[in-house]
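Given the coordinates of chain W, assemble chain V onto it according to the supplied hints.
Chains as they are written, first to last, in the numbering used here: chain W, 1 to 156; chain V, 1 to 272.
Quick caveat, the hints were computed from the structure, so don't treat them as lab data. On a predicted model such as this, the values are computed, not experimentally measured, just so you know. Glycine residues also receive a C-beta, built at the ideal position from the N, C-alpha and C atoms. Careful, some of the hints might be misleading.
One-sided excerpt, in silico: chain V residues whose CB lies under 10 angstroms from chain W [stated by the list, open to error]:
1) Met-41
2) Asp-53
3) Gly-102
4) Tyr-252
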Amino acid sequence: MKVSIEVNGRPVAEEVPDRTLLVHFLRDTAGFTGTNIGCDTTSCGACTVLLDGESVKSCTVLAAQADGHAVTTVEGLSDPDGELHPVQRAFREQHGLQCGFCTPGMIMASVSLLADNPKPTRDEIRAGLEGNLCRCTGYHNIVSSVMDASGQEVDW
Amino acid sequence: MIPAEFRYERVSTVDEALARLAEHGDDAKVLAGGHSLLPLMKLRLAAPEYLVDIGPVDELRYVRLDGDEVVIGALSRYSDLEQDPVLRKHAPLLAHVSGEVGDRQVRHRGTLGGSLVHADSAADLPAVVLASDGVLVARGPSGERRIRASEFFLGPFTTPLEPDELLTEVRLPRQTGLGWGFEKFTRRAIDWAMVGVAVVGGKVGLVNMGGVPLRAPATEAALASGASIVDAAALAADGTNPPDEPHATAEYRRHLARVLTRRALTQAAARS
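Extracted from the complex, chain W is given alone in its bound form (with noise of 0.2 angstroms):
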């Protein structure tokens, strides 16, 4: 079927097969590969994408569900200038990251937990992202890094 997705600001609109899963289009037919695909069964969350500015695993919805909506991938995040945004920033700085699969989903799911709850505790952030699983950190830079990208002081 014919899918129109805003990606990142710009329509994309293209004929794909009825079961296109989101992940893929956004990959292969719009070509922001920042979004990795990890466990493929909505567990990992590194496919995590905003759609209509709420975070999602894009391995478990059809492109065609997507048809007509917004999407943000990492890839859309920082300003066309270049300037990073502020999570992506704070987890440079904070070191949220070490080999780096998880983290564009790590860092949507903190935008979306940033925008329902903006000045979370370190416990809300680890249950705000529960749904992201990273092998290399521990997690405790990942939970920093949001802490300064909310703005608060990283309390250990």
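Chain V alone, transformed into the frame defined by chain W:
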């Protein structure tokens, strides 16, 4: 992993959905949030020929009061329900447990109706609706019918809905001011409950203690006759036949049911 091929059809009203279902019969599945169905399709455990996407059917997204009942549109998402002020006041157990399902991403997609018709005894919300004496409203070609939650869960993943029927609404008696509690034990944060217990007003629902969500009648009867929480909770696993698998033996699940029931009843007592 991608699903087997299917034909995708999107509808925007209940009538349109019913027309498609009548046309396709057994060959179609209804797609709501897709967070039970799409994983099954990716694993090729389900391969419907047609998917009827009811995502845009806004008439099925609401929470409101109707006399002494709270009525909830079947397409309401967990993330809608956990924050809904009417639900939080008049059916707080359902609001709370909606916020305990999966993770934030899942709750942005998954729907109450989807969870109920999927009828997985390991899911949280079926036991909540069962403990709440809920009534499910379905529409089909011959009109509307109401099915008590106690008559809705027929077996694993099995309900009395016909292929041409659509679950449209869930009705719960108002629980304003009643004590409630919920406990679940999971191996990891976002796992399905190994066992879960939902309590409201002396009614007890059990998650994953058999092929269908269950009530704990012995516990409820004991409470009604004035037994202590400890004594009543000790009966929570009576008559159950829980799954016996490598993650948890049946005996371990019975133990969990008793412990979690005691905790959930204690929470409920503190709230009443």
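*Violations among the numbered hints, reported as their numbers in ascending order*: 4
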